[in-house]
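Q: Using the hints, put the two chains back together into the complex; each one sits in its own frame.
Chain by chain, the residues:
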Amino acid sequence: MTFIGKSVKRVEDKRFLTGKGRYTDDIKLPGMTHAVIIRSPHAHARILNVNTSKAEALPGVVKIFTGKDVAELNGVPCGWQVDFKNGDTMKEPPHKLMVADKTRHVGDAVAMIIAETYAIAKDAADMVVVDYDEMKAAINMREAIKPGAPLVHDDVPNNICFDWELGSDKAEVDAAMAASHHVTTLEFINQRVIPNAIEPRSAIGHYDTANDRYTLYTSSQNPHLIRLLLCAFVLGLPEHRVRVVSPDVGGGFGSKIFHYTEEALVVWASNQIKRPIKWTAERRESFMTDAHGRDHVTKAEMGFDADGKMTALRVKTLANMGAYLSTFAPCVPTWLHGTLLQGLYTTPKVHVDVTAVFTHTTAVDAYRGAGRPEATYLLERLIDTAALEMKMDPAELRYKNFIPAFDGVKQEGYTTQVALQYDSGNYEPVLKRALEMVGYADFRKEQEQARKDGRLLGIGFSTYVEACGIAPSAVVGALGARAGLFESAHVRVQPTGKVSVYTGAHSHGQGHETTFAQIVADKFGIPLEDVILEHGDSDSVAFGMGTYGSRSLAVGGSAIVKSIEKVIEKGTKIAAHLLEAAETDIEFAEGKWTVKGSDKSVGFGDVSLTAYVPHNYPEGLEPGLDFSSFYDPANFTYPFGAHIAVVEIDKETGKVDLKRFVAVDDVGNVINPMIVDGQIHGGVAQGIGQALFEGAIYDEDGQLVNGTYMDYTMPRADDLPMFEVDRTVTPCPHNPLGVKGAGEAGCIGSTPAVANAVMDALSPYGIFDLEMPLTPERVWTAMQNSDAVV
Amino acid sequence: MKIPVTITVNGKKHETEVEPRTLLVHFLRENLAMTGTHVGCDTSSCGACTVLLDGKALKSCTMLAIQADGREVTTIEGMAQDDKLHPIQQGFHEKHGLQCGFCTPGMVMTAADLLANNPKPSETEIRHALEGNFCRCTGYHNIVESIQHAAHAMNG
Numbered sequence: 001m002t003f004i005g006k007s008v009k010r011v012e013d014k015r016f017l018t019g020k021g022r023y024t025d026d027i028k029l030p031g032m033t034h035a036v037i038i039r040s041p042h043a044h045a046r047i048l049n050v051n052t053s054k055a056e057a058l059p060g061v062v063k064i065f066t067g068k069d070v071a072e073l074n075g076v077p078c079g080w081q082v083d084f085k086n087g088d089t090m091k092e093p094p095h096k097l098m099v100a101d102k103t104r105h106v107g108d109a110v111a112m113i114i115a116e117t118y119a120i121a122k123d124a125a126d127m128v129v130v131d132y133d134e135m136k137a138a139i140n141m142r143e144a145i146k147p148g149a150p151l152v153h154d155d156v157p158n159n160i161c162f163d164w165e166l167g168s169d170k171a172e173v174d175a176a177m178a179a180s181h182h183v184t185t186l187e188f189i190n191q192r193v194i195p196n197a198i199e200p201r202s203a204i205g206h207y208d209t210a211n212d213r214y215t216l217y218t219s220s221q222n223p224h225l226i227r228l229l230l231c232a233f234v235l236g237l238p239e240h241r242v243r244v245v246s247p248d249v250g251g252g253f254g255s256k257i258f259h260y261t262e263e264a265l266v267v268w269a270s271n272q273i274k275r276p277i278k279w280t281a282e283r284r285e286s287f288m289t290d291a292h293g294r295d296h297v298t299k300a301e302m303g304f305d306a307d308g309k310m311t312a313l314r315v316k317t318l319a320n321m322g323a324y325l326s327t328f329a330p331c332v333p334t335w336l337h338g339t340l341l342q343g344l345y346t347t348p349k350v351h352v353d354v355t356a357v358f359t360h361t362t363a364v365d366a367y368r369g370a371g372r373p374e375a376t377y378l379l380e381r382l383i384d385t386a387a388l389e390m391k392m393d394p395a396e397l398r399y400k401n402f403i404p405a406f407d408g409v410k411q412e413g414y415t416t417q418v419a420l421q422y423d424s425g426n427y428e429p430v431l432k433r434a435l436e437m438v439g440y441a442d443f444r445k446e447q448e449q450a451r452k453d454g455r456l457l458g459i460g461f462s463t464y465v466e467a468c469g470i471a472p473s474a475v476v477g478a479l480g481a482r483a484g485l486f487e488s489a490h491v492r493v494q495p496t497g498k499v500s501v502y503t504g505a506h507s508h509g510q511g512h513e514t515t516f517a518q519i520v521a522d523k524f525g526i527p528l529e530d531v532i533l534e535h536g537d538s539d540s541v542a543f544g545m546g547t548y549g550s551r552s553l554a555v556g557g558s559a560i561v562k563s564i565e566k567v568i569e570k571g572t573k574i575a576a577h578l579l580e581a582a583e584t585d586i587e588f589a590e591g592k593w594t595v596k597g598s599d600k601s602v603g604f605g606d607v608s609l610t611a612y613v614p615h616n617y618p619e620g621l622e623p624g625l626d627f628s629s630f631y632d633p634a635n636f637t638y639p640f641g642a643h644i645a646v647v648e649i650d651k652e653t654g655k656v657d658l659k660r661f662v663a664v665d666d667v668g669n670v671i672n673p674m675i676v677d678g679q680i681h682g683g684v685a686q687g688i689g690q691a692l693f694e695g696a697i698y699d700e701d702g703q704l705v706n707g708t709y710m711d712y713t714m715p716r717a718d719d720l721p722m723f724e725v726d727r728t729v730t731p732c733p734h735n736p737l738g739v740k741g742a743g744e745a746g747c748i749g750s751t752p753a754v755a756n757a758v759m760d761a762l763s764p765y766g767i768f769d770l771e772m773p774l775t776p777e778r779v780w781t782a783m784q785n786s787d788a789v790v
Numbered sequence: 001m002k003i004p005v006t007i008t009v010n011g012k013k014h015e016t017e018v019e020p021r022t023l024l025v026h027f028l029r030e031n032l033a034m035t036g037t038h039v040g041c042d043t044s045s046c047g048a049c050t051v052l053l054d055g056k057a058l059k060s061c062t063m064l065a066i067q068a069d070g071r072e073v074t075t076i077e078g079m080a081q082d083d084k085l086h087p088i089q090q091g092f093h094e095k096h097g098l099q100c101g102f103c104t105p106g107m108v109m110t111a112a113d114l115l116a117n118n119p120k121p122s123e124t125e126i127r128h129a130l131e132g133n134f135c136r137c138t139g140y141h142n143i144v145e146s147i148q149h150a151a152h153a154m155n156g
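Chains as they are written, first to last, in our numbering: chain U, 1 to 790; chain Z, 1 to 156.
It is worth saying that the hints were derived from the structure and are not from the lab. Just so it is clear, CB atoms sit at the ideal spot from N, CA and C, and this is done for glycine as well. There could be a bad hint or two in this list.
Unchecked claim - Simulated pairs of lysine-lysine, DSS-like, Cα-Cα distance not exceeding 30 Å:
| no. | chain 1 | residue 1 | chain 2 | residue 2 |
| --- | --- | --- | --- | --- |
| 1 | U | 14 | Z | 120 |
| 2 | U | 122 | Z | 2 |
| 3 | U | 651 | U | 452 |
To be verified - Not the full set, but computed from the structure, chain Z residues with beta-carbon under 10 Å of chain U:
| no. | residue |
| --- | --- |
| 4 | 76 |
| 5 | 86 |
| 6 | 101 |
| 7 | 105 |
| 8 | 135 |
| 9 | 138 |
| 10 | 149 |
| 11 | 152 |
| 12 | 155 |
Claimed, not checked - Selected chain U positions facing chain Z (in silico; Cβ < 8 Å):
| no. | residue |
| --- | --- |
| 13 | 17 |
| 14 | 198 |
| 15 | 681 |
| 16 | 717 |
Looking at chain Z on its own, in the form it has when it is part of the complex (with noise of 0.2 Å):
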């Protein structure tokens, strides 16, 4: 059995049928091929998988993408504008916040709530954001630093 919905995902609108278990996470990645969220665990602690659902993050292995029907989704493929990159993707790259780029797009979308809500985190609080995103290669010193590399370039 499978069920129609309608979902936008980097602002583009995808009219289709999906099974009703199929998972948001895997609707982005087998369905649609957008392979830039990952799947890094199956209980929802490791924060790979983070998207924008009508922009807040959310871990897109939590939800099923039935659920996602009528809603807006934003992915990684989704930040960079005309191949520029979104400020918090060039702060990554300024400060290097990235090693092995597996936990990395997860890392930007949650970034990307923070400081949509928070323009100017202090360090604990960008740690706090942070708490649901597991990275193993950089000790997220330099994470931290990317993200207010970012908040300076978005707000000054």
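Pulled out of the complex, with its shape left as it was, chain U reads as follows (with noise of 0.2 Å):
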């Protein structure tokens, strides 16, 4: 039985196809009350005085919070330090449950209206009177940190909550630079994206009062960390009373790593009023307060020696915060963007300077991908900007600087200029592999020939590495995490030899019932349905980190794998005694324990019930089989991979069809091709949606203008095509899968692949650098204010 490597069809399906899924908003709980959060509608105003009388004389209403009735209350904390270049900490102002002084971006929580219904809740919020004093605020990023700015927070000089560097001594990067046959420079905005995830987030806090426990049902990508947070740092709550249930969950993408205030407020409520609450976000306050992904504003720079071997790279920029630190936002552009900075290329010489600002705006934090697609963009469009310079062929400029082959066993780790050190990496079959796929000999002819017929067609690559299987707990505490980022896995053999399996991931999409249950029968040598995934309650299982890194399988499978040999140890001790032979000459295969070299058996069912009616079972040894693991990873895991956009654009209206798109990928083994080229396909189609129609735009006084589904555009299906997937498999030496993790890899690649097409098909106008998202309007404009005849 191999069911490793297999596109076996996903066991989660029907529940969700059946309309059988249970999301938190589907759950109802006896007695429950629905929460209304009314919001600031000003990025930056004095609270002079919130009226609720009218609202608490409604029928149907419960209780009313103010910000001054959490006032006494931690607020939620940051989940990672970085320090200042002079070793100063980081400024890392309160984020308070809801505010009573001061507002800081357009959706900060004023007040909280509970009541018997979602209606009527709605109905007090009209009533509640806040009077505001509204003041300038401080929206974009270079106007905030200068001198007489308005200030984000009172303590903050200057809104910089660190400045930070990392990479080769700054003064032989600018030698190295200032010594270079050609500098490539661009200046440009890495624009704040929105991950919209089509759950809007939800959370149910109950305090039940017979047993003093408390249970949150939030929408959450790692319910456990969710539930140290709120014990240890925001409610003091004790830990063993408090069970975190993170049911099915819409989508994540990021957004629902971290801990929000609304999770904190309806458990520390439903104590106040001693009943459930229930508070579900509308989208327009998805689009306030989920944490928002990207928005740097960066220069960079590439130094060429003459035969296009890169010699220096040197980056410079500042990194939006929003109002508050959210759970893990300090170490999106700096350690999970910085250390990117080498890419897959042997650049000797390699500076980064970050500069992390407060704004009146949403709080930004990891995102898919998560500072690696932005360090992606960067040197991918400075590699086809440069190409295009030094009339140099992109490919053959990428082939030249590559990282030859290392395989992390034979050959050691490759160490960068920042940092870290990559796994395994054969970076060259990758863009052959979507070169070939793509035709792109062939294509050259043809866009010559379009140009002469007047249209404009474009190529554009990328190439790209990544840090994935986050983290070796010991390293990122080195680097500022204040949490450790193993996973648990528990193996529970049942009597009748049925399993079930315990994991601290957490499964919003990924299919881990099935990828995880693979695993489990295929070691074993059971059948799939004899093996069931438990996930998602802290009730149930013991620990864990969560989903997000693309870390479930390299660190979370690698816990259940450790699990799995201690169930195949024991069972072999038990076997040796019921086949009365020595436990060296038992070897476990194809679900069964046999003595070497004969036919004498007995199989995983006998073993299993043999643990729990241990009559005939060997002296000493404890009854059952039933484990638990830890898993700390060696080391981060590196997938690489190529992509390649083909795009016309069209003369008239400036609309970028994307015809084509081809990926390549390099995620390690692979357990189910069908789900990993799955979450591919959803990757890459963000990254297009960053490339060509997301970007969340704040006017000066702060209000994000197209915060609706009706003006913030995401890909919808008409825009994108068919996608053309492919993989080639370089193991991860450390971990005992050689998986190294396919979930944000799509995003990774893709975004400035298809910008590169763009500005590769509007070369004939001189047109080489343009802002995302590079929409009609945009593309148009550039063309009529170009001089060149096409």
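A: Dropping the structure here:
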């Protein structure tokens, strides 16, 4: 029985396909009340008065809390500390559950109405009168750091959260840059995008007075971490009396990693009113309060020698934190961005300088790829631009600079200038395969003909490496993480040989119930249906660090393998006893223990039953077949790949038609190719979204102008082509499955490929650099402003 | 004030009273506890709440429950018969047309309307039909293939 490597259809599908998925908002508890949160319409304003008297009188209103009621409670903490260059600790202003004095972004929580029904709570919210004294806001990062700019937090001078640098000696980088034959420079904005999982965030708090226990149902990617933060930092609750459940979760993409204020609010308030409380975000609230992604203002320079070999990379970035520090915000532009600036190239000198800035906007944190898309966009835009400037082929320029192949076993891992050691990599084959698939040689001829015919055809490349399998705890601890990043797994073999697996990873679309079951069924040699996976409930799963950073299989899967090995080891002792043979003479394969060289064997079910009915049993051995494990990875994993986009631009309208998208990714060994392809598709679509459609727009007062689905453009079905995907396999050398992670790859590689294709198409106009998203208006305007006759 | 309505959902007649402002989607989710129909936005943009009204796809957040008085609604819960998946549901399973599952009910109902009117749609026609439904997980590739699979199964 082999399941690893097969496209097994998903076992979780049926409940979703029949309307039986159970998301947080689907849960109805006896006596449950409904909460609506009143949010600031101003980015920066003093709160003069909150008058709730009329609302409180409305029949059906249970209770109203305002910022003053939670002023004594702690706020939500930040989980990662980055220090200033001079060693000072980053500025970490409090993020209160609701604000009492001052609002710092549109959407800041001012009051919470709790009522018998959602409709009554909405009615009551309309009756609350809040008097604001509006002030000037700091929105644009470049303005926010100037002296005299409005301050987001009074004790954070110039709105600077921290500054940070990494890489080679700065003077050496400057010297290498100055000595370069050619330097390509780009100044650009990696625009703010909004994750927009289709399920809005939701949380239900329930305090059970009879048992003095709290339950939080929440649409979270990591229930255990939420419990830890809630108990240890926010509310000071006893952790053993708190249960956090993340049931089915409708997409996350990073935005549901973080501990949000509403989670703590409903738990705290449910104890105040002694009834369960449900809060579910309206979409407009999601736009205002889900952590956003990206938002860098960057100057990047890449030096080359006369042969096109890279000589130096110098990067200076302003990174937007928004109004408050979200859970992992400080690590995104630093340890997840600066560290990836070597790319898959041999650039000998690399230096990156990052300044993190508070603004009166929604908090920014990890969004699919988290720092790595920003690093990849920067590198890959520089390379395609350099190729245009130096009149070299962009594929050839990459080949010339790739790090030579290394498998991490026979050859050592590759140590970069920016603090990482890549585990294994073989970069040429992914680009070669992608070029074959797109038919590169013929494409250039087609493009030449198209240009003669007056059509704007373009091709764009992107090759990337990323860091996944987050993360070795001691390493990230040294870098400022305030949590470990291991994973736990519990494998419980039942007396009848059926297997329950408990993982601390959380599936919100990734298909863990299938992939993880494939591993267990395969290793035990039992049918797939004999395995069930449990996740997302802190009462059944001992501990977990959740799902993000493409870590579930590399870290969580490895923890499961450790427990599997323990089961087999103990099973061997039991089997040896039953078969009256020495343990060393027993081997386990295909679901049975066999005496080597004989036909004497005992099956998985028999050994399982014996473990729980230990009548004829090895002396001194404990009964039961039930093991938990914790796995802390030795290193990050480093997937890589090559993406190619082909576009045609309508000269009359500026509309970019994405004609083809080729992705060749190497995510190490693959357990379920169908699921991995699906992950790549979804990531690619989001990356294309950033390149062509998406971008949060704030006006100078801090209003999110496109804060609805009618205004914020996400890719729809008719915006995208069928994707052409393939892979190479370079196993991870340091985890037992040889896997690297596939959740974010698509989103990391695709954005620059599309942007580069648009620039290639526009090159006859002498246009080499436009800001994303590459909307028809932006492209059309650039063409109109060009002097070139095309 | 409550108003009496008679709404047939998945073949079962519901005679009840609703507040006039109750949206059809809230009637399904709150009054009937049929939570397979989802709410993903407040601007009728996402399509997660799509149901069939007298056989035609409709975003159930765009309509009041009282407007559905006397009419027939089919939701995702009404698609599988006797525990056997509808060919469209089967197509999504075969072609991995769902990940987190939140948009899936709306996608399946939209596909049901499409295939009822156009049994053998082209890729372009499928993509056009899905314009009103967001999926943030799949990039639509496998949803298109799922619907093609279903069309083949239903119509050869």
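Q: If a hint holds in the structure, say so; if it doesn't, say that too.
A: Structure-based check of each hint:
About 25 Å separates the Cα atoms of residue 14(U) and residue 120(Z), which keeps this hinted pair within 30 Å; it holds. Taking the CA atoms of residue 122(U) and residue 2(Z), the gap is near 18 Å; set against the 30 Å cutoff, the hint holds. Of the supplied pair hints, the one linking residue 651(U) and residue 452(U) holds, its CA atoms being roughly 14 Å apart against a limit of 30 Å. With its C-beta approaching chain U no nearer than about 4 Å, residue 76(Z) sits inside the 10 Å limit, and its interface hint holds.
Below 10 Å, beta-carbon pairs count as interface contacts, and residue 86(Z) has one with chain U at about 9 Å; its hint therefore holds. For the restraint placing residue 101(Z) at the interface with chain U, the shortest Cβ-Cβ distance is roughly 3 Å, inside the 10 Å limit, so the hint holds. About 5 Å separates the beta-carbon of residue 105(Z) from the nearest beta-carbon of chain U, less than 10 Å, and the hint is met. Checking residue 135(Z) against chain U by beta carbon gives a least distance of about 7 Å; that is within 10 Å, so the hint holds.
Hint status for residue 138(Z): holds, given a least beta-carbon distance of 6 Å to chain U, under 10 Å. The interface hint given for residue 149(Z) is violated, since its Cβ lies 12 Å from the closest Cβ of chain U, which is over the 10 Å cut-off. Among the interface hints, the one on residue 152(Z) is violated; its C-beta lies about 17 Å from the nearest C-beta in chain U, farther than the 10 Å criterion. Below 10 Å, beta-carbon pairs count as interface contacts, and residue 155(Z) has none with chain U, the closest being about 20 Å; its hint is therefore violated.
At its closest, the beta carbon of residue 17(U) sits 4 Å from a beta carbon of chain Z; the interface hint therefore holds under the 8 Å criterion. Interface hint at residue 198(U): satisfied, since its Cβ lies 4 Å from the closest Cβ of chain Z, which is below the 8 Å cut-off. Restraint check, residue 681(U) versus chain Z: the minimum CB separation of about 4 Å is within 8 Å; hint holds. Because the beta carbon of residue 717(U) sits about 4 Å from the nearest beta carbon in chain Z, less than 8 Å, this interface hint is met.
Checked against the numbered hints given earlier, this structure breaks hints 10, 11 and 12; the rest are met.
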